[in-house]
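Student: If you're matching them up, the sequences are chains A, B, C and D in order. Following my numbering, the numbering of the first sequence begins with 1 at its first residue and continues without gaps. Following my numbering, the numbering of the second sequence begins with 1 at its first residue and continues without gaps. Following my numbering, the numbering of the third sequence begins with 1 at its first residue and continues without gaps. Following my numbering, the numbering of the fourth sequence begins with 1 at its first residue and continues without gaps.
Where hints are given, some of them may not hold.
[Unchecked claim] Taking lysine-lysine pairs in the BS3-like style, the calculated list, with each CA pair at most 27 Å apart, reads:
| no. | chain 1 | residue 1 | chain 2 | residue 2 |
| --- | --- | --- | --- | --- |
| 1 | C | K598 | A | K418 |
| 2 | D | K60 | A | K159 |
| 3 | A | K431 | C | K598 |
| 4 | C | K29 | B | K105 |
| 5 | C | K25 | B | K102 |
| 6 | B | K102 | C | K599 |
| 7 | C | K599 | A | K418 |
| 8 | D | K349 | C | K599 |
| 9 | B | K105 | D | K349 |
| 10 | A | K430 | C | K113 |
| 11 | A | K159 | C | K447 |
| 12 | D | K349 | C | K598 |
| 13 | A | K430 | C | K307 |
| 14 | A | K363 | C | K549 |
| 15 | C | K588 | A | K431 |
| 16 | D | K417 | A | K99 |
| 17 | D | K409 | C | K598 |
| 18 | D | K24 | A | K159 |
| 19 | A | K159 | D | K140 |
| 20 | D | K417 | B | K102 |
| 21 | A | K289 | C | K113 |
| 22 | C | K598 | A | K363 |
| 23 | A | K363 | C | K307 |
| 24 | A | K418 | C | K538 |
| 25 | C | K29 | A | K154 |
| 26 | B | K105 | C | K25 |
| 27 | A | K154 | C | K588 |
| 28 | D | K140 | A | K99 |
[To be verified] Each pair of labels, with its calculated beta carbon distance range:
| no. | chain 1 | residue 1 | chain 2 | residue 2 | range |
| --- | --- | --- | --- | --- | --- |
| 29 | C | F560 | A | T428 | 46 to 54 Å |
| 30 | D | L187 | B | Q60 | 48 to 56 Å |
| 31 | B | H59 | C | I620 | 51 to 59 Å |
| 32 | A | N45 | C | I579 | 43 to 51 Å |
| 33 | C | N75 | A | N439 | 55 to 63 Å |
The hints are simulated quantities; they were obtained by calculation from the structure and are not laboratory data. Ideal Cβ positions, reconstructed from N, Cα and C, are used throughout, including at glycine.
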Amino acid sequence: MNVSLLLILLLVGAFATYLAGDKLASKVALFFSLAVLGCSIVLLNHFNAGENISFINQWISQPNISFALQADGLSLAMLLLTTALTPLIIFSSFGNEYKNAKSFYALILFMAFAMAGTFLAADGLLYYIFWELSLIPIYFIALLWGNGDAEERKTAVVKFFIYTLAGSLFMLVAFIYLYQRAGSLLIDDLYKLDLTASEQLWIFLAFFLAYAIKIPIIPFHTWQAKVYQKAPTVGTMLLSGIMLKMGLYSVIRWQLPIAPLAAKQYMFVFIALGIAGVIYGSIVALRQKDLKKLLAYSSLAHVGLIAAGAYTLTLDGLRGAVLQMIAHGFVVVGLFFAAEIIFRRYDTRTISEMGGIRSQSPKFTSMFMILVLASVALPSTFNFVGEFTVLYSLSQINIWFAILGGTTIILGAYYMLKMFQHVMLGETNKKIFADVTLNEGLTMVIIVAVLFFFGMYPKPIIDLITPSLENILTQINRN
Amino acid sequence: MNNILNQIGIENYIFLCVILFCIGVFGVLYRRNAIIVFMSIEIMLNAVNLLFVAFSTYHQDAQGQVFVFFSMAVAAAEVAVGLAILVSIFRNSGTIDVANLKNLKG
Amino acid sequence: MDTNLALVLLLTPLLGFLINVFFGKKLGKTFSGIVGTLSVVVSFAVTLYFFGYITVAKQPIQIILFDWISISNFNLSFGLLLDQLSILWLLFVTGIGSLIHLYSISYMHDDEKMHTFFAYLNLFVFFMITLVIGSNLLVMFIGWEGVGLCSYLLIGFWHKNQEYNDAAKKAFIMNRIGDLGLLIGIFILGMLFSTLDFTTLKTAISGATNLNSYWLGVAAFALFIGACGKSAQIPLYTWLPDAMAGPTPVSALIHAATMVTAGIFMISRLNFLFDLTPEVQNIIAIIGAITALVAATIGLVQNDIKKVLAYSTVSQLGLMFLALGLGAYQVAIFHVVTHAFFKACLFLGSGSVIHALGGEQDMRKMGGLKKAMPITFMTMLVASLAIAGIFPFAGFWSKDEILITAFEHNIVLWVIGSVASIMTAFYMFRLMYLTFFKEFRGTEDQKHHLHESPSLITAPLIILAVLSFIGGLISLPKNSWLNEYLAPIFRKVTEEEHTLGTFEYGLMAIALAGAFIGIGIAYSKYIKQNSVPEEDSKITGISKVLYNKYYVDEAYDVLFVKPINALSGFFRDYIETSISALVFGLAKVTNELSFQGKKLHNGSIGFYLFAFVLGLCAIISYLFLAQ
Amino acid sequence: MNTLIAITGLGVLCLLFEILNLRKAIVPMTIIGLLAILGLTVSEFNTSGSFYNNMIVVNKFSMAFSSLFIVLTIFLVGLSHNFYEDHQSKLSDFIAIKIFLLSGAVAMVSFGNLAMFFLGIEVLSISLYVLAASNRMNLKSNEAGMKYFLMGSFASGIILFGICLIYGAMGSFDVVEISELSRSAELPIWFPIGIAMVTIGMLFKIAAVPFHFWAPDVYEGSPALTTATMSTLAKVVAMATLYKLLSVMNANISYAFQIIIVVLSIASMTVGNIMALRQTNVKRMLAFSGISHAGFMLMALLSLSTSASDLLYYASTYSLAGIAAFSVILYVCKNRDNEDIVNFHGLGKTNPLLAAVLTGALLSMAGIPIFSGFFAKLVLFNQTIEAGYLVVVIVAVINSIISVGYYFKLILAMYTKEPNEERAGTPFFIYAVAVVSIALNVVLGLFPSLVLDLLG
């Protein structure tokens, strides 16, 4: 039993969903995503039992490309994030009616397939293919099932597509160049390479372009807010919950170990960029009128911090980054789902048109409150663990990084509570806010439970990821 | 045969043919009447044919002359097709001025 | 055994919280109130057990529950530490906590969200206990932020009023500013000593030979900023007066007795660190003194009964920090305890007044309540005497200790402290006179409804009044039980003991005199001249400045809030758009090129062939040149 | 060799069918015949040899490309059934012409002698002239034919002149001799010029900048099926021939010449992509995209000795995608006077299958992974970087970004716009061709080694 099974299952699921027809599509998709989740948990056990669950096979002889899926702790963690969030996201969409549902859910599963592949691929080209592949489903999801004015949406989505593609194509060039040097794209061979400082710099930058656009790091973030706003909430969840993490994961897995010299030499620049993102994102978020846009900017701030952590090249930085990735994945999905719940009832995303929900639905309010608190990293939530570790690593590099990055806990509290106050509190709203349905409540509860559990007991995840991160660190410090 | 070539020298043949060829080219470039353009193209081809013959003599080798037949045949076929197209154009537009063929552009 | 008991102590309030959250509505108001109260009472009982244990065994109990976060150079476990300090704190947190819960059952009975209220209170107690008994800085930080959260929830309890929500938000964010400082301090300590556990940290620091005093100082200062945020010191004090938006019991519990003392707790917890950084200690002392004075001055002219109490709280906290800064931790703690008694009493009393007047908080519309509500009056009088520092009430001893310590270190600080306490005496009795003496100034129907509060409200008042009367006994000069008790925690306790000479008696006399002076002024102004503070509009001059709290809020608004929002608008409207314009610009350029190119493909065969020939010639000639 | 004869025979057969009133049978029979020929070719794949004293030289290269051409022709013939429904009487002629065109193509890739090369290219071109103008009553078609004819024959003149110069320099038409001689002594200046002129002639055929001007006009004017033929078969043939010409005739290609190729390739892709952005006529747009693809394929000429298989792969993926795209275009634009992008509005709703096919084809052209176009670009980039021309690759990358712009314009039109009206009928042949070709494309993407190892 190895990881390729997962991908096959997802792919089969995608087709099955499409064939199931509009009526059953959502159920089938949910079934398959749950199956995959279970499957990945089984794999996790196998992995912890020390079995080899990798799958490596020659694919193209000339150029020498292999179909290599390797699962170490890091990959598995991200894989679990993907396979855990996918069913949640699908389940969360049960409240909505989608035209042509079969294609919709098939695309979701296909995207999950591509993203899982990205996290598992251990061959540069394979990785790149999955990376690109994940772009197509989200493109169509955002384009066809998105909301708002069609023309505006089109521009936003096409911009997003071309923007990300542009970035990744330079990564492709970098990969080809690496292939010339290594004669193979297996990640282990790439780690073995010793490139000159200038080569590393160029490769690093080529990768950086791809990742900075995907993550996004300022100033490459302009696609984000609009797409988040225009995409259907499910798409937004996929984007912000998992797809962003592809970029961050790739930084840790590919960029840093392959070009460590550049990473070390220009560490401060990239940390500074990340932190600038934190502050910039938080400040822009302060005065957003659209709830989803506000959340988009908040996530810009958070990923900025994560990126900064990753670029510190310390164990804490990397570990904190990964923890924060997972935590942020859940929180952001929860928050966007909350936005969707409100939208289902008020049919608006404009903050000024909300308010007074608390007196209508205390249940929903408390869940939303918890999510807000988690996203501002209140201790005992999962995000605190990540944020603390990241900030600690920053403080080890330079105390000022920690102070500036730490402003996120002030500014974050500011814009989140401001948002909460205007969305939930105040005089009872005129519009009717039906109490949360069972499905909605269940989704929320699961997310909240995860956040609290790992907030108090992150040990399992830490134990899972630490060895592979240490391994990566040794690669980074190899010369 | 041979001595003539010696007296005159292959270069001159080449120059002659190049000049002929260029005449053809300029004809194609500057004349607007399709028929004349065809003729100019023919001039180009024939210039080449002449050169073929010259070279074949120069090399003492018959292949060149054989090739000339090929090229003449091909040229004939080409012109046949060309004229056919020209006729249908004349039917549809009533002119054979190539400068009027500007419907397809941009 | 101890572990389980400790867990009971910690988790019963949480249990109460959960019960009230999930079943509160079904339980009904009274019952949910009882549940909430019981859960705290249970923890109080357990605390008493531990108190007995510690006084006998003198050995702190350390409990490791599970591994929590791992950092590269050390592991953080989720552990509890029950030593003299934490148990002392637990005593009055849970003790006063249960009293206030009891009080709230009656006080909040008319509110339809009573169960939520109790849920929040229990949650607060839970987090407060976590804060106090956490065995390392990060567990403490959980409680630290948790109580901040609860205070946010409780200040904004009446969430339909956006002003209250603003106050709540303000409190949370101000606390967060402090929390950042605390975090930075934690980071530095972690880097320096590779541990955040209190006991190991203590041994590490006291054992260490060559300490990096610079970083140590930075850490101490950062931690102090955290304390400022939580304990409402300058410059982060402005949230506390606004926090009075919350229900009165909340003000009593959180914003007077317990949460705001967290900063003092943290500093005394880390006394071994602060002892090594005298500069920071000086800063603390000075900040404390200034805060005491400033807050007191503002308190002089406030007309909202709770505002007065709030500012007096800030000022008292200032005095405690003064003591901390002078290294007299046990003195500060002494004042914390006594202050907890009488300030809780005062708040609850004011609560009962407000309750009686149907929510009226303006003292100008009160008066003459003495006859109507004698118990409230008596208890509040005791408490006021205590806070004013009248012999032999609790406040007298603790405040006097502080002043003596101040005098020993620095005369100026002593002067400031004394002035502050004179003012305290003044505004407290201003409050008393305006509220209880003379005739009633409120509306008619209020007058009709005037009544003494039910026993559930008065009982806690009485208990607290008694405590604020006898509270001083725990640390009398010469034979101070408190100092004995805390001896294991602090290093220099013994040197801090001062001999009772005539000189000390003199200081006591001066302090006492000052207190009487304050009361006297108040008496002459509000009883003799029978004057009532005039309308807000008529207030002028210095008192206007004071009445408007030195315009500090406005200043902050102009200095921080407005600029950030302006910046946000600027980013949103200009930077964002211009960046994306840059991206779109590239697309536009290519499109324009394409447009120009269309003209080139003009459909003319002549031109096409011309281009053909041109290309041909170019290539041929290039080849020639290349030859 | 047998392939060539068989194909010619098949062409004659088509004409015979007409005489024997077997019009119905023509398309199926031709397809069967071509399949048989394909089988023959594949079976002979490894038997290389030379015939008629080196007039024709058969080797892996020629075999591989010949099979590709045959496959493409099968698709084109399949499409013609539906395309020529209206004027059945011409059916046999058009199909026969296509077959002869194929024979010319095969001759071009398996020539051993410049005479054969010249004949092949003329057969190809003349058949294309005819096809271009085949819609007699339509002025646009006439104009297209005329433009193509004039410029084509002009180009033939250039090629002929080039051949003549080569002959003058070498005294032989036999490529083997020529290449030996070219290696040996130092040569008269005519020789490189001759090579250059022949190359330029071929560059015209593959529509590389600045010899591309005819392409958009002719593509737009000609009947859609002819356009399909030009943009897939003809372009690929010309490319392969050019490659063979250069690789056979002088393996040690001069640096100056490489520079020229670099410049032309960069120019072609840039001009092609940028011009395509603003096109509303789909055929014209694909013409420009074809120009850019020619630019990509020119990169193969930078590493002549090694990139044969890469070129083959690129050619097959590109032409398969082209066939798929054009089959959809044929379906959509049947009975329309133009091929404007408006006709594609809402195809995603009215005919999701074909819309998906077209999307796939465009994605493949854009070089999005899993479609073989991506791997084609990849291997070419790989070769080019190995040859040391990183700059070209960077430009190519930037160009592929631009290209996404217009490919997605079409996709957007299909999925986001409302359909203007229903299209009736589901012509079997078109569906078959579309699905099979895109399927082949994807298969090539999943197993690139199938092709990449053929000539390795």
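Student: Can you give the numbers of the hints that this structure goes against, from lowest to highest?
Tutor: The structure conflicts with hints 1, 2, 3, 4, 5, 7, 8, 9, 11, 12, 13, 14, 15, 18, 19, 20, 21, 22, 23, 24, 25, 26, 28, 29, 30, 31, 33, although it agrees with all the remaining ones.
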